[in-house]
Each structure stands twice: as C-alpha cells, then as structure tokens.
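Student: What follows is each chain in one-letter form.
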Amino acid sequence: MTDSPPEIVRVDDLVKDFRPGLGLRSKRVLHGVSFAVREGEIFGFVGPNGAGKTTTLKVLMGLIRPTSGRASILGCDVGEAGFRQHIGFLPENPYFYPFLTGREILRFYARLCGVESSLLAERVNDLLALVRLEHASDARLSTYSKGMLQRVGIAQALIHDPEVAFLDEPMSGLDPIGRKDIRDIILRLKAAGKTVFMNTHILSDVEMICDRVAIIVNGRIRYEGPIREFLREDELRSDIVLARLPSETSTELGERFSATLQTVGETIEVQVREGQVQGFLEAALGAGAEILSVTPNRVSLEHIFLEAVEEGERADARADRGGEGTS
Amino acid sequence: MTRSLQRIWPIATNTVREAIRHRLLYTLLFFAVTMIGVAVLIASLSYVEGERIIQDIGLASIRLFSVGIAIFVGIGLIHGEVDRRTIYTILAKPVTRAEFLLGKFVGLLLTVWLQLLLMGLAFVGVSLLVGAPLDLGYAAALFLVGIELMVIVAVATLFSSFSTPMLSAFFTLGIYALGHLSRNLYFLGQEADVENVRRAATFLYRVLPDLETFNVSIQAVHGLPIPATEVGWAVLYGLAYTTALLSLAIYIFHRRDLE
Ligand SMILES: Nc1ncnc2c1ncn2[C@@H]1O[C@H](COP(=O)(O)OP(=O)(O)OP(=O)(O)O)[C@@H](O)[C@H]1O
Ligand SMILES: [Mg+2]
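Here the protein sequences come in this chain order: A and B. Sequential numbering from 149 applies to the first sequence in the working numbering. Sequential numbering from 40 applies to the second sequence in the working numbering.
Heads up, a few of these hints could be off.
Here are the computed distance ranges between Cβ atoms for each label pair [to be verified]:
| # | chain 1 | residue 1 | chain 2 | residue 2 | range |
| --- | --- | --- | --- | --- | --- |
| 1 | A | R288 | B | Y290 | 56 to 66 Å |
| 2 | B | L44 | A | D165 | 17 to 27 Å |
| 3 | A | G262 | B | G262 | 12 to 22 Å |
| 4 | A | A463 | B | L149 | 48 to 58 Å |
| 5 | B | L175 | A | K294 | 49 to 59 Å |
| 6 | B | L175 | A | R280 | 53 to 63 Å |
| 7 | A | R213 | B | L149 | 56 to 66 Å |
| 8 | A | K175 | B | I257 | 30 to 40 Å |
| 9 | A | G341 | B | R295 | 30 to 40 Å |
Treat the hints as calculated values from the structure; they're not laboratory data. Computed from a prediction, not measured in an experiment: that's the story for all the values here. Every residue gets a Cβ at the ideal spot worked out from N, C-alpha and C, and that includes glycine.
With the sequences and hints as input, model every part of the structure.
Tutor: This is how it looks when you write it as structure tokens:
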C-alpha cells in the first residue's frame with residue numbers, strides 16, 4: 149500500500165508507568181503501544197474502561213511524558229508546542245471556568261490560539277451555531293448541563309479550525325439527539341478533509357463513523373486496521389432463541405458449534421455462524437427443544453470486542469506466567 | 040515575544056476575572072469597612088496619639104490581609120486549574136507551560152494589587168476621617184507592600200507548581216514568616232561561636248527572602264524620611280528574587296506530569 153495517505157499521528161512502542169506515590173511500586177499502564185492515524189480518516193481508538201485510551205491521548209497532548217517510546221503529530225515530537233496550532237483537543241469530561249459565559253470561554257480559547265481580533269466575534273458565533281448553543285451563549289457555564297458542557301468542549305476544540313481533532317469520548321453525556329449532532333460534526337470535519345482521532349467505548353458510534361480502528365486492551369493494541377475488514381472476519385451470524393433445551397444437550401451443542409448458550413429466564417439465547425444455523429436447529433429440535441425465533445444478524449462489533457478483550461486477558465495471563473518462569 | 044504576551048495576557052485577565060467573580064473582593068470591602076469602624080472606635084477611646092495607633096494598626100492589617108489573600112487565593116487559583124483539569128484544554132492550545140504559569144502569576148499579582156489599592160483607599164479614608172496626617176511615606180510603605188506581595192505570589196506559584204494546595208499554603212506561610220525573621224536570624228547566627236552555625240546562617244540568609252526590606256511602616260508612621268535609594272533597592276531586590284522563583288517554578292512545572 150504505497151498510495152495510502154500520509155501519517156498524521158505516529159505512535160511507536162509507547163510505555164507509560166505511573167508511580168502511585170512515594171515508595172509504592174509503579175504500575176505499567178501502556179505496554180508498548182504503536183499505531184498510526186492517516187490523513188483524512190476518522191480513527192477510532194477503542195477499548196474497555198481502564199484500557200489506557202485516555203493515558204495515550206494525554207501523552208499525545210504532551211500532558212504526560214511517556215516512560216519510553218515515541219509519539220509524533222504532523223511530524224513533530226509531541227513534546228514540542230509548534231504543531232498545537234493545527235490540532236484541537238476535547239478532554240474526557242471537559243470542565244471549563246464556570247464563571248465565564250459560553251461566548252466568553254470561546255473568545256478566551258480563540259485568543260490563546262491567536263485568532264485575529266477582527267475575526268474573533270464571527271468565529272465564535274460560527275462555533276456556537278455549529279454546536280447549537282446560541283440560545284445559551286450568554287449564560288454562565290455554571291448553569292450549563294453536562295451535555296451543553298460537552299458541546300462547549302467540541303466548540304473550543306474546533307475554534308481555530310485545526311487540521312486534526314483529538315476527541316476523548318465525544319459522545320459521552322449526550323442524549324441521542326446530541327450524539328447525532330456530534331456524529332454529524334465529525335462527518336463534516338472528514339468531508340472538509342480533516343483528520344479525527346476519537347477515543348470511545350460506544351461501539352455503535354464506531355461502527356457508524358470510523359474508517360479505521362485500533363483496539364486497546366490492558367495497555368496493549370490487539371487490532372489495528374480498517375473497520376470493514378475487522379467486521380468481515382465472520383460476518384453473518386444468527387441469533388437463535390429457544391426453550392426447553394435439556395442442559396446436557398445445551399453443553400454438547402455449545403461445544404459442537406463453539407457457541408455460548410446463555411440462559412435468560414425460561415429461554416436460551418445463542419449466536420450461531422451463518423453456515424451452521426441449519427445444523428444447529430436440527431440438533432436442537434431433535435433434542436426436543438422449541439425454537440422461539442431465529443434472527444439473522446451481522447455480527448456486532450460488541451461481540452468481536454468482547455472476544456478481543458477475552459483474548460487479551462488470556463494473552464496477559466500467559467505473559468504473566470511466562471514472566472514468572474524466567475525471573 | 041509579542042505572541043507570547045498575546046497568550047499570557049488572556050490567561051492573566053481571566054484569572055483576575057475569576058477572582059472578581061468569586062466574591063473575593065466583597066470580603067475585602069467588608070474588611071475595609073470593619074477597619075474603618077474599629078479605627079474610629081479606638082480613636083475615640085485613646086487620648087495619646089490616637090491617629091498614630093490607627094495608622095499603625097491600619098498598615099499592619101493591610102500587610103497581613105493582603106498576604107493572607109495572596110497565599111490562599113493564589114494557591115487555590117493555580118491548583119484549581121490542575122484539579123478541575125481546565126489546564127488540559129489550555130495546554131492543548133499553542134500555549135507553553137511557561138506561558139501558562141506566567142499568565143497565572145501576572146493574573147494573581149494584578150488581583151492582589153487591586154485589593155491592595157482598595158485597602159489603601161480605605162486607609163486614606165480612615166486617616167482623613169480621624170484627621171491623621173498623610174504624607175508620601177505612606178505611599179512608599181504601601182508601594183513596598185505591593186512589591187512584597189509580588190515576591191509572596193511568586194513563592195506561592197513556585198510551591199503550587201509541584202505540591203498539593205495544603206502543603207503549598209503551609210510552605211508559603213513558612214517562607215513568609217522566615218522571610219521576616221531572616222535578617223534577625225542572620226545577625227543572631229553571626230554571634231555564634233561555631234563556624235558552621237555562622238556559615239549556615241549566612242546560607243539561609245542568602246536563600247530566604249529578606250522581607251524586612253519591604254517594611255518601612257515604622258518610618259512612615261513616625262514621619263521619618265524614607266530615602267528613595269532604599270525604595271529603589273527594595274524594588275530591584277524584589278524583581279530579582281521574583282525572577283529567580285519564577286524561573287525555578289517554570290523549570291519544575293515543565294517537567295511535571297499533569298495527570
Ligand atoms: N495518574 C494515574 N496514576 C495511576 N494510575 C493511573 C493514572 N491515570 C490512569 N491510571 C490507570 O491507568 C489505566 C488506564 O487509564 P485510562 O484513563 O487511560 O483508561 P481509559 O482507557 O481512558 O478508560 P475509560 O474508558 O474508563 O476512560 C487505569 O487502570 C488507571 O487506573
Ligand atoms: Mg478514558
């Protein structure tokens with residue numbers, strides 16, 4: 149792939165140890181994280197709580213220093229300040245000076261970015277409109293709801309029209325309308341040729357808008373690549389709901405079709421690969437079960453995600469045992 | 040340089056705005072009114088040199104209050120940025136950590152100077168009310184309190200750059216107290232027989248600020264002359280000491296993880 153777009157963000161073998169306090173043992177949060185974000189894409193940095201997404205982003209923003217490894221944005225090392233003119237950042241659960249109004253805070257950030265005073269008012273108005281906060285622009289932020297603060301966060305990140313936007317959980321705290329608004333903003337950025345890096349664990353958002361993803365579990369990257377390929381791996385499955393399945397058959401079926409049968413009240417739910425649905429149904433009927441429903445389903449990212457997490461945990465456990473063996 | 044100032048200035052003015060909108064100045068007005076009341080009361084009770092006592096009390100309380108405010112408000116305002124993580128969005132803009140810290144410092148200094156000005160006005164008001172003499176000596180005394188505040192705010196900024204709010208306040212208070220004693224400690228130390236004690240005393244005197252440099256209240260109250268060279272020297276000393284403190288603060292803050 150020599151014709152792939154240039155890399156905007158490059159992270160190489162990033163390691164971060166946190167020292168909880170004087171004398172306490174340090175804790176490794178990132179174990180050699182590497183990935184790259186290319187120009188013009190929406191990149192999803194996906195992982196469960198505590199995986200190290202925010203920590204990675206803080207390294208990228210120069211807020212914390214990596215223990216080892218390198219990270220660069222637009223070709224500059226993240227320790228420098230030069231490239232910041234071209235990036236926008238929305239932190240996790242953003243918080244702003246409560247004593248300022250929405251308009252004042254955006255003016256403040258715009259001035260920090262060196263937006264010319266003749267353009268300032270117009271720029272602030274544009275962003276208030278973009279995030280739909282015109283109605284509250286002259287109220288103090290202390291009166292804003294969580295979702296409104298999130299919108300202020302997006303607006304300040306984009307106030308200087310950056311080339312790359314780094315968003316930590318952009319949809320958190322938003323209602324469905326709010327989430328759609330943010331999704332639209334992100335898609336609009338992409339349409340304008342900007343690059344978007346977003347941390348999230350809301351998988352439906354990832355499926356809907358991301359071009360590529362990296363999955364991080366316990367501080368290690370488990371997958372990096374186009375989301376389409378990731379979803380194609382075993383694309384179609386069916387959800388089958390049945391009742392009155394004898395428990396010994398249940399175990400046997402689970403093994404034969406390598407599926408997990410979940411008991412939900414009186415019924416049992418299972419996901420089976422597309423080619424195996426016929427065989428599974430025949431076996432279940434043969435054992436006297438009653439079929440309640442069969443729903444063809446493209447495998448959800450959630451399922452793959454859970455598998456990646458479990459796989460990651462098994463790998464970590466192996467690594468731990470291996471580590472003990474050598475030391 | 041000018042670009043740097045364009046970023047430092049909004050941070051500074053924003054800090055002043057935060058202080059003003061935080062009801063802080065109203066506490067101060069309350070103090071000023073109380074001071075006027077107490078002063079009038081004392082003046083009506085005492086027979087000998089009532090005005091002098093009032094002015095003495097007035098200057099002393101201005102010093103104490105302004106330093107207290109500088110320490111507690113100053114430390115709160117810097118730590119608030121890190122604790123509430125407002126600093127994340129600021130440092131993601133093209134703002135260096137040095138610019139951020141300088142912006143906070145300038146903002147805090149302007150805030151305490153504003154308060155000093157208000158208290159100074161209250162002082163003038165009371166003096167006029169009780170008919171106490173006012174001359175340039177008082178202006179010099181208040182001006183030097185302003186320079187001392189600059190040093191104190193720089194000390195608070197330095198400790199805030201790496202320590203917790205509690206410890207920062209504690210250390211800054213300690214430096215303030217020691218700073219007023221350092222001259223006496225030095226002279227006391229030189230009396231010692233042991234060579235090392237003399238050396239230690241000299242060392243401490245060099246490192247600690249000599250805050251008595253900024254104290255000319257006695258001359259002011261008793262109408263004694265305050266030479267311009269003394270004031271000039273105090274200003275230079277204050278500026279140099281502040282520069283050293285801020286450089287150290289920037290160095291430390293630059294290396295720190297903002298978690
Ligand atoms: N300052 C710190 N000191 C010690 N440990 C920390 C610190 N910050 C984060 N951690 C630990 O690092 C791990 C990763 O945290 P991080 O915030 O990066 O997770 P995350 O992927 O963003 O999770 P979430 O989805 O919950 O936001 C967690 O186990 C957390 O406890
Ligand atoms: Mg996070």
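Student: Each hint needs a verdict: does it hold in this structure or not?
Tutor: Comparing the hints with the structure gives:
1. Separation of A/R288 from B/Y290 is about 36 Å and departs from the stated range, judged on CB atoms against 56 to 66 Å.
2. The hinted window of 17 to 27 Å between B/L44 and A/D165 is violated, with their beta carbons roughly 38 Å apart.
3. Look at A/G262 against B/G262: about 52 Å separates their beta carbons, and that is not inside 12 to 22 Å.
4. At roughly 56 Å, the beta carbons of A/A463 and B/L149 sit within the given window of 48 to 58 Å.
5. Restraint check, B/L175 to A/K294: a C-beta distance of roughly 56 Å satisfies the suggested window 49 to 59 Å.
6. The given range of 53 to 63 Å is respected by B/L175 and A/R280, whose C-beta atoms sit roughly 59 Å from each other.
7. As the Cβ distance of A/R213 to B/L149 is approximately 32 Å, the hint placing it in 56 to 66 Å is violated.
8. One distance hint, 30 to 40 Å for the beta-carbon pair A/K175 and B/I257, is violated here, with the actual separation near 57 Å.
9. The hinted range of 30 to 40 Å is satisfied by A/G341 and B/R295, whose Cβ atoms lie roughly 36 Å apart.
This entry does not satisfy hints 1, 2, 3, 7 and 8, going by the numbered hints stated previously.
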